[in-house]
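Student: All the letters of the sequence shown, read from the start, carry residue numbers 20 to 147 under our numbering.
Derived by calculation from the structure, the hints in this document are not laboratory data.
Owing to the predicted nature of the structure, the values given are computational and were not obtained by experimental measurement.
Even for Gly, the Cβ is constructed at its ideal location relative to N, Cα and C.
There could be a bad hint or two in this list.
[Unchecked claim] No farther apart than 30 Å at their CA atoms in a straight line, the calculated lysine-lysine pairs in the DSSO-like style are these:
#, residue 1, residue 2
1, Lys-127, Lys-31
2, Lys-127, Lys-51
3, Lys-31, Lys-51
4, Lys-127, Lys-64
5, Lys-64, Lys-51
[Stated by the list, open to error] Pair ranges (Cβ atoms, derived):
#, residue 1, residue 2, range
6, Gln-22, Phe-46, 22 to 28 Å
7, Thr-61, Thr-24, 21 to 27 Å
8, Glu-68, Met-20, 46 to 52 Å
9, Gly-23, Gln-76, 27 to 33 Å
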Amino acid sequence: MSQGTVTTVIGKLAQTVAALWIINVWFFRFNKDTGYRGGDATNMKEEFEVYGLSETQMYGVGAAKVGLAGTMLVGLAVPRLARPASIGLAGFMVGAIVMHIRAGDPPKRYLPALSVLSLATTSAVLND
């Protein structure tokens, strides 16, 4: 396998994992206490309240993240979509990390956001 092929595979893998991670969080873990929620929150709505954000903002952020994740998956077939969607998701992950830090959360709480940030950044860098 050539170096170009390896980086392409890594980029597509990072793209897929980041997208599926976001979909999992917003569709399957939305009302679950994951141990990674901000403050003492036990679900997504409580977590956004910890950050001082409204329910409307929560759904807006969720729609944007899920939309970007979906676009990343479509980007597997339409490669020109992968980089902008990955950059957008990376931006949201920076915001998530900032919110955790402002809430006084220990690093363990924002490890998933750091992981998705790393995956989305890898996807953005390695996808043309």
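Student: Is Lys-127 close enough to Lys-51, meaning Cα to Cα at most 30 Å?
Tutor: Satisfied, since the Cα-Cα distance of roughly 17 Å is no more than 30 Å.
Student: Is 22 to 28 Å right for how far apart the beta carbons of Gln-22 and Phe-46 are?
Tutor: About 36 Å separates the Cβ atoms of Gln-22 and Phe-46, which means 22 to 28 Å is violated.
Student: Using the Cβ atoms, figure out if Glu-68 sits within 46 to 52 Å of Met-20.
Tutor: At 48 Å between Cβs, range holds.
Student: Run the distance test for Lys-31 versus Lys-51: straight-line Cα separation, threshold 30 Å.
Tutor: This hinted pair holds, its Cα atoms lying about 29 Å apart.
Student: Is the gap between the beta carbons of Thr-61 and Thr-24 within 21 to 27 Å?
Tutor: Since the Cβ atoms of Thr-61 and Thr-24 sit about 44 Å apart, the hinted range of 21 to 27 Å is violated.
Student: CA of Lys-64 to CA of Lys-51, is that 30 Å or under?
Tutor: holds, 10 Å
Student: Given a hint of 27 to 33 Å, does the C-beta separation of Gly-23 and Gln-76 actually sit inside it?
Tutor: For Gly-23 and Gln-76 the Cβ distance comes to about 42 Å; the hint is violated.
Student: For Lys-127 and Lys-64, compute the direct alpha-carbon distance and say whether it is at most 30 Å.
Tutor: Within the cut-off at roughly 20 Å; holds.
Student: Could you grab the alpha-carbon distance between Lys-127 and Lys-31 and see if it respects the 30 Å cut-off?
Tutor: Judged against 30 Å, a Cα distance of about 27 Å means the pair holds.
Of the numbered hints listed earlier, those contradicted by the structure are 6, 7 and 9.
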